[in-house]
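A.B. asks: Residues per chain are reported as follows:
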Amino acid sequence: MVDLAQNTIDGLMIGSSYGLLALGFTVIFGVMRRLNLSYGPSIMIGAYLGTFLYIQQGAGPLAVAGAVVVGSVLAGVYVERLCFAPMKAGAAIASMVSSFAIWMQLEQAAILVLPRHTYPFPPLSTALPLEFGPFLLRVDHLMMLACAVLLAFAVHGVLYRTRYGLGLRAIIGNPVAAHLVGIPVRRSVLIAFAGASAIGGVAGFLVLAVDQQVTPMFGMWATLKGLVAMMIGGLGSIPGALLGGLLLGVVEAQSQWYFGPQIRDLVAYLVLFAFLVMRPGGLLGEAPKVEIALPQGT
Amino acid sequence: MDEYLVGVLSNVGVISFVALSAYLLLLTGEITFGQQAFFAIGAYAAGIATAMWGWTLAAGLGFGALAGALSATIVGVPTLRLHGLYFAIATLAFAEMVRILFEMFRYQIEIDGEWVGPNGADGFRDIRYIFENDISGMEFMLIIYGLLTVILAGFMLLERSRLGVIFRMIGEDEVLAGLQGVSVARYRILAAAIAGALAGIGGGLYAHLTTYIEPRIFDVMLGVHSLAYGLIGGLGTALGPILGVLIDIGLLESIRALSGYRMIIFGGLVALLLIVRPRGLLDERLVHRIGVALRGGRKMRV
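These protein sequence lines are chains A and B, in that order. My numbering numbers the first residue of the first sequence as -18 and each following residue consecutively. My numbering numbers the first residue of the second sequence as 901 and each following residue consecutively.
No wet-lab data here; the hints were simulated from the structure. Positions of the beta carbon are idealized from the N, C-alpha and C atoms, including for glycine. Treat the hints with care, since some could be wrong.
Far from chain A by the CB rule (all over 12 Å, computed), these chain B residues [as the list claims (entries may be wrong)]:
1) Thr973
2) Val977
3) Val1124
One-sided excerpt, in silico: chain A residues whose CB lies under 7 Å from chain B [as the list claims (entries may be wrong)]:
4) Ile83
5) Leu93
6) Leu123
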């Protein structure tokens, strides 16, 4: 029982980082209706920038965090300008494939600058874990969970309490109508993209600070975890992204504890597949009515 | 032809199968990140058949195709209701499950004092059929391109047949196709099965070409690449995906000198290409124009 509860706690903590990744992903997908495969690799650019400063200049955790976020945003804006902004309506698959090509590009650029397989990353907190009866709680895990919840509320607040958010929701509803009533569509979309990348950057920094190391696999890892958590939570739902991440974290922690890492990954994909087949809307998203996203056309 | 060129071309030919597999599903309007699963299943099935059961190459490849088609049908049924991103991610989840299962799959028998067969994450070594039967690299390349030609001819026939029209119709608008009396579910499963078989044959050829397969080859990267080839080469004709593979593998091989920078250059080129030609080099419009020109100018057929 203690194991089960401790695994659940650990899973929730790790899951909060998946939730954060999914949050950025869902904002991009919600606004664009297109899949940005370069989401993880953009964060990787930020992560490598932060690592570079840490190794070369001995930068502290806060400076590194700033660098990761700035790097992610710059890479994210680059992706938006190259893969999404110039594409015509209906060229959703082209955008997706283009973002995949840029994924390869970003990854190689990062590896060129820091070619080793692993690099150290500054820890967020070296404090001893807190003890609650038989349970242990890592301080950096708690900070991660707090960040995830705060950012989810912040995104929700921006979307539903600000004029900018109102405009963005109008664009999500109908971009042509939004343009006709004078909403600056392109600029709003770019800002949303940059914001989502910044959230991804925060997520990336927290994950790496907990692991205390960076590898070239990080970009792919971030894209996959964000994507899986987003789909489990329900496409387009902000609380869903967070819940999906937490659920994924708990499922992974439990199956890892009882069956080992291979079965952990198997179970995670099985849960995703089962959700898609039986409940495509995920935990909180709406079930797709007819054709959602990625339409055909020239 | 020197050995290096034969190697590169054989590779292009084999990867073309999985690219064509993803292309066929694109015709019916579905994006898939999971065709590498059937490529893997075909590779393992064909490898087991020839290296462990002593089957001939043809029987092994047939078995690989059958295994690919069957597994694609089985996964096609529950994913029938899914579209767009939902379908794409479901295929990705399935393919990753297949990859992980192969990491745990152990099935070995003793042949002449050596243990042969899939050994989990360590892979499946010594699929030596083409060495044991004195098939040269050149001959095997001809086998690959022979099969590819047959399949291309099949695609050409498909484009002119009722079945091809139905596939593109479902791709354009599934609801409308249903209203026209097309049994959408049946044809989508048929398309999935054919695509599975194509990937399965390709996998079988791949296993015999490299003599060694391991689960990690069949990861998401291969799946997304297979999809991307169609988009780069063009969605107007089955030659498109093959052109895509040729550009990717051929170009990357030829700019080896720039080793450290090649993905930077190639990734950028693809992104720029897709801005100018969002449906690839050989898109429907260009293919149509070429077709009209070949038929002698103005005779337009609708």
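A.B. asks: Decide, hint by hint, whether the structure agrees.
C.D. replies: Cross-check of the supplied hints:
1. Thr973: holds (15 Å)
2. Val977: Per Cβ check, valine 977 of chain B is inside 12 Å of chain A; nearest 10 Å; violated.
3. Val1124: violated (5 Å)
4. Ile83: holds (6 Å)
5. Leu93: holds (6 Å)
6. Leu123: violated (31 Å)
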